[in-house]
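**Q** Here is how the chains run, residue by residue.
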Amino acid sequence: MVIIANLIQVLLIAISISIVFSKDNTRVVVFLASFSLLSACLYFLNKAPDVALAEVAIGSAIMPLFYILSISKQREFIVMSHVDDDYLKNEKNQKGKGYLLLENFTDYYKLKLYIFNDAEKAELKGIFRKSNVDLIIEKDESTNTYFLIGKQSSILMNKLAQLVENDDKTIVVKVKESETRD
Amino acid sequence: MEYIPLYLIFIPIISSMIIYLFNLRIINYLIFITQATISVLMIKYFLFINKNPQFASITIGGWDKRIGIELKNDVYSIAFIFLTIFIWTIVSIYCFDKRKNDAKFLFFLLFLEGAFLALLQTNDLFNLFVLIEIISIISTILIIFKKDGFAVRAGLYYLLFNSIGSIFYLLGMIIIYNIFGTLNIDVIKHHIHLIDNDLIIHAAFILMMSAIGVKSALFPVFTWLPKAHGAAPSSISALLSGLIVKSGLYVMIKVDHLFNLYTFKEYFFILGFFSAIIGILFALSQKDIKQILAYHTISQIGIILMGLSTINQITFYGGLYHIINHALFKSLLFLGAGMIIRTYNIRRVTEIRGVFKTMPLTSIFIIVGMLSITGAPFFNGFISKSLIVHGLKEQTFIYFLFFIINIGTATSFIKFSQIFFGKSKLKGQATINEKIALFILSIACITLGLHFNYFNQYLFHVESPVVILDLYNIMTYFITIIIGFILYQTIIKKDYLVFKKIRHMHITFETTNYLLVLYIFTMILWSFKAL
Amino acid sequence: MNPILSFIIILIGIYGICTSKHIIKSIVCFNLIQTGTILLFLNLGYSEEGHIPIIGEQIEKIVDPIPQALMITTIVIGSTITALALILSIKIFHYYGSLYWKVVFDREG
Amino acid sequence: MIKKISLLIILFIMLILFIQMQFDLKGYLNYFSHEYFLSHTYKDTASSNIVTGIYLDYRLFDSIFEASILLIVVSGIVYMTTKEGEENERVFIFEKVKISNLLTILSRVLYPFMLMFGVYIIIHGHLSPGGGFQGGAILATAVLITYYIDPDKITKFSLIIFLEKLLFISILIISSLSLLTKNVLFTNFIPNQTSNTYRSIFLILLNLLIGIKVSLGLVSIFSSFLKEGRS
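Chains A, B, C and D are the protein sequences, given in the same order. Numbering of the first sequence is given in this note's numbering, commencing with residue 1 and proceeding in unit increments. Numbering of the second sequence is given in this note's numbering, commencing with residue 183 and proceeding in unit increments. Numbering of the third sequence is given in this note's numbering, commencing with residue 714 and proceeding in unit increments. Numbering of the fourth sequence is given in this note's numbering, commencing with residue 823 and proceeding in unit increments.
Keep in mind that a hint or two might mislead.
[As the list claims (entries may be wrong)] In silico SDA-like pairs for lysine to any residue, Cα to Cα no more than 25 Å straight-line:
id	chain 1	residue 1	chain 2	residue 2
1	A	Lys97	A	Leu163
2	B	Lys247	D	Ile1012
3	A	Lys159	A	Asp86
4	D	Lys987	B	Leu203
5	B	Lys675	B	Thr658
6	D	Lys905	A	Ile149
7	D	Lys978	A	Leu65
8	A	Lys23	C	Ser811
9	D	Lys987	B	Leu206
10	A	Lys110	C	Asp819
11	A	Lys110	A	Leu163
12	A	Lys176	B	Thr525
13	D	Lys825	C	Leu812
14	D	Lys905	B	Phe204
15	C	Lys734	A	Tyr108
16	C	Lys815	B	His688
17	B	Lys254	B	Ile186
Worth flagging that the hints you see were computed from the coordinates, not collected in a lab. All values reported here derive from a predicted model rather than from experimental measurement.
My request is simple: use the sequences and hints to build the entire structure.
**A** Rendered as structure tokens:
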């Protein structure tokens, strides 16, 4: 019994070392799940079935789920569009100019593009605080230019600004968070 | 009657639930009813305890002391409870205008009060851990209440770093538990001198102290504090700086009394000095109005630590008294700063001008706070600083170090006071509630300064034997101010490169953790002295 | 069963938290330290002849039940802190476009 | 690099000190609680599972705060992920995801068993390993499985939050009922003279409430995670 427990502990040490030195986050989470499953076994061998049950239910079922969910959320690039022409069109043969640009951009960072249309124009002030939109696309009808509005704080915006440098019809606007009322 | 400690904890918690569940504007006034109820209960309990001291502790559930959880009130906890209720009342008056429709904010605020009151009274090591964690979680949520980028990143930093710190507390607790088989502080205190193995005792002490150091922002591990204070709403900054940081110091007093180790007294004195100096150095280089105040919190905590970690009784009570005073004037300053920021919409000290013209009443209150923090005669900061200095007078070198700290504080507040001068076309937007809150706080600052003897006798049962208000101390203060003014004009105003470097210094999260490890390691090295 | 081995896990976690540059990995390392602590507590109270702390027939000795009760609480606390930290990390990503501590804290605004 | 090496050295010193300390510690290990609980728990708390006895009676105060931590975090997360004034309109499960048939069928088979297992663990918490928290977590996983079976199922989100708060208040009320019967707070409210079968009603009730509360809390955290970012 003791030998098995010690073996599992050595295994745990190995897993924790590989967690510390691993660079891929998804792999880290899988390691973590197996880590807590093994530690639940150890709790049981330590004659603590209650703790083992808690660890199995939480540590190796629910927590990895939260991790995976948050990692997948961190791979999204959310675009809110106020444009109703085919700038952001995404069909098999023809893709809109803006869509190509954004696709190019998100591929560079290995992000997943997520576009949704917002019919009514929301007020811009404070929108980034309220919801997790990364980019808002608006169109000025008179001059036919598109505005890509994003947060100044985001490091991704620098790259986007670089991509549209030579394009007159597309302008990247960086919005600074205004000081909130204290 | 003897269950009042429990009512004190659960009345705020239940009323916070009611506020959250109903989410009505009228129900939100419950916050004041709650404050009134618990203050009345507390006064009753205080009188009751003075007559029957045997009821000062109750074991919840009526179990054996070694098995169940005990709540115990002593001199310190009663003083802290009064302070807590007072500050919370002030903060709820201050923020009520803005938050009266915001049931969630009031929910977290009241819940935090309940948890904090529980922390002050509990006499159980593990219960202490749970409550420390609750307090860090609620304060995180309150820090990120504005939901902007600054706040979110500061909140995450605060949450993770504090949780890592409190794991060390848990480790220390594990060692203690395995020796004594109980978690009750009183029982452990009874038996701790029987253990002759220094290594175990020192290890437990070091581990617990490292968690407390994180919680109360001591010298190497203070980096979370300015971030959190800068990002939080002003009322929360006042709470954080006035009380939540003090929770670390309170636990420290408790743990220190539990272990009763003389080895570390000197170590914490030096650490306190370093915290004070570093805090002032950073405060001098900052330009953000809230960051200056936040770094001053670090330096004041250093002063308190210097007071608490001496064997001299008067100095110890000076440190204790300074905790209360600091809570009063620092919340006054933070609340005032919040009003200034809201009026001007900028936070840079160099750009805010003419506050005296726009908000005359508010600036008078802020000046009271500034006089207190620099230790002007007749204000409360003066009393506690003199009490701390009194015990150190014989040691000239230490007295000199203290003098340096005072000069630094004076200099940086002379820099801060530049906001009052000049002209401004803005209109003040202070509401009457906010003015009332500041007024009460400044009155408290002055009263505690004038009638300190009475308070000391009544709360701590100590006499203050020293004649504090002598000419020598008053002269010292004016000399400090003059030197500070000269320093400001010659050095600080020019904004040398050194200060710019300090201002833009970033300590990343992993480095902070490394500093925590170093902090533990220095304690280990220090403990070899005794082994 | 050996407390030293579980202490090594804690040390590895501390090493990880002092060197990891990514927010998610810091949270994972926090979980490592926590699990190590729980293991340490249980290991220290372990005794070979003790039984599982459930009262049945003819049990003369049990392992210490208090650590188990405390550690359930610790697991709850750890998991809630993790959940909160993860939500905050999502928010941070959308604000700063990165999850490296250095990048996040260097950005203005 | 210097940082890493010095860190390794420091950690190594800590390890050596710990090994030293651990040998010393063995001489001091205290067996007070082992004997106390073996002889007293069943009489005191009517629970065969000593851990549950500690958790729900001796140290009930801790458990209440533990439950409140979950509650605080749930309301904090909900605050973080919702826009102002939108909380009432929110629904629990919201977008339809394409799921393979195998998974759906498997979930349909698994669902009742998991539900049963969770309830079993909650209700038998005072007899066998388990209790409110563990069972609640299992129940939460069971509820999450419904996400695969029937993605269109809509539950009002505010109801979940409301119920959670209500359950916390009822936990408080039930645990403080003993003030009326025994004049002590936070312990079993059924008098000591009654048989243990009746006295365990208190444990079952508390376990059940904690279990439902925990599962609701975890489900709402989960759905907050899902909704995060989808304005």
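**Q** For each hint, tell me whether it holds in the structure or not.
**A** Verification of the supplied hints:
no. : hint                    : result
1   : Lys97(A) to Leu163(A)   : 13 Å, holds
2   : Lys247(B) to Ile1012(D) : 22 Å, holds
3   : Lys159(A) to Asp86(A)   : 24 Å, holds
4   : Lys987(D) to Leu203(B)  : 7 Å, holds
5   : Lys675(B) to Thr658(B)  : 24 Å, holds
6   : Lys905(D) to Ile149(A)  : 20 Å, holds
7   : Lys978(D) to Leu65(A)   : 23 Å, holds
8   : Lys23(A) to Ser811(C)   : 15 Å, holds
9   : Lys987(D) to Leu206(B)  : 16 Å, holds
10  : Lys110(A) to Asp819(C)  : 23 Å, holds
11  : Lys110(A) to Leu163(A)  : 16 Å, holds
12  : Lys176(A) to Thr525(B)  : 20 Å, holds
13  : Lys825(D) to Leu812(C)  : 22 Å, holds
14  : Lys905(D) to Phe204(B)  : 19 Å, holds
15  : Lys734(C) to Tyr108(A)  : 21 Å, holds
16  : Lys815(C) to His688(B)  : 9 Å, holds
17  : Lys254(B) to Ile186(B)  : 11 Å, holds
Hint check: no violations occur; every hint is consistent with the structure.
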